[in-house]
Amino acid sequence: MSSNFGHVKRVTQEVGGKTYTFRSLLEYRWSVYCEFRKQQGIIADWTYEDPQATLELEKGYHLNVKEYHPDFTILYPNGDYETEETKGYFPPKDYTTLKLAAEQYENPITLIFASTAKNPKSASIRAQIRRAERLEPHIKRIIWNANKDIFEDIKFLFDE
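1 is the number of the first residue of the sequence shown in UniProt numbering; add one for each residue after it.
Please note that the accuracy of each hint is not assured.
Unchecked claim - Capping the alpha-carbon separation at 25 Å, the derived lysine-lysine pairs in DSS-like fashion look like this:
1) Lys99 with Lys66
2) Lys155 with Lys18
3) Lys59 with Lys99
4) Lys93 with Lys66
5) Lys121 with Lys38
6) Lys155 with Lys121
Claimed, not checked - Derived CB-CB ranges, DEER-like:
7) Gly16 with Pro108: 20 to 30 Å
8) Val65 with Thr110: 30 to 40 Å
9) Thr54 with Asn78: 38 to 48 Å
10) Pro77 with Asp50: 32 to 42 Å
11) Phe158 with Asp45: 25 to 35 Å
12) Tyr20 with Lys155: 14 to 24 Å
These are calculated hints, taken from the structure and not from any lab test. Here a beta-carbon is modelled for each residue, glycine too, at the ideal position from N, C-alpha and C.
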């Protein structure tokens, strides 16, 4: 079941025995991938927009505090945590938030895009790609095309 809020299609689905309302199809699919990794023993657990995982980021000259709510928080069997952030659109404010999170916290960050064209014609898309590339030295990795590189192999798991 899904509904449309503006240009983003929200998705309500059960994943891992819990019902979630995801802000996008990408978030839903990534949650299925997280649950798949949990079932395989690759990760110990995962949470979606967990209020307990909220990070307080110091921002600007006056060190104002901004709250950042990661899309997914991953717990590995060895006790390490990782932040996984899905993006359909990557505006400058999100770049700044992720850069601050990478600088102020030790948890590695993975940035996930559903798909990114090699040579986009849109100046807006090119700007988003450049933004993500500037972030690369500060984060663990970027998944540029989750649709092809990850979801293709597990599409049988999606209840869409």
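We went through each hint and held it up to the structure:
With a C-alpha separation of about 13 Å, the suggested pairing of Lys99 with Lys66 holds against the 25 Å cut-off. Taken as a hint, the Lys155 and Lys18 pair is honoured in the structure, with Cα atoms around 20 Å apart against an allowance of 25 Å. For the hint pairing Lys59 with Lys99, the CA-to-CA distance comes to about 11 Å; that is within 25 Å, so the pair holds. Taken as a hint, the Lys93 and Lys66 pair is honoured in the structure, with Cα atoms around 12 Å apart against an allowance of 25 Å.
A hinted pair counts as satisfied when its Cα atoms are at most 25 Å apart, and Lys121 with Lys38 does not qualify at roughly 38 Å. For a cut-off of 25 Å, the pair hint linking Lys155 to Lys121 is broken: about 29 Å separates their Cα positions. Our hint of 20 to 30 Å for Gly16 and Pro108 holds, since their Cβ atoms are close to 22 Å apart. At about 24 Å, the CB distance of Val65 to Thr110 disagrees with the hint of 30 to 40 Å.
In this structure the supplied range 38 to 48 Å is violated for Thr54 paired with Asn78, their Cβ-Cβ distance being about 23 Å. Roughly 19 Å separates the CB atoms of Pro77 and Asp50, a value that falls outside the hinted 32 to 42 Å. Range check, Phe158 to Asp45: Cβ separation about 21 Å, and the 25 to 35 Å hint is violated. At about 19 Å, the CB distance of Tyr20 to Lys155 agrees with the hint of 14 to 24 Å.
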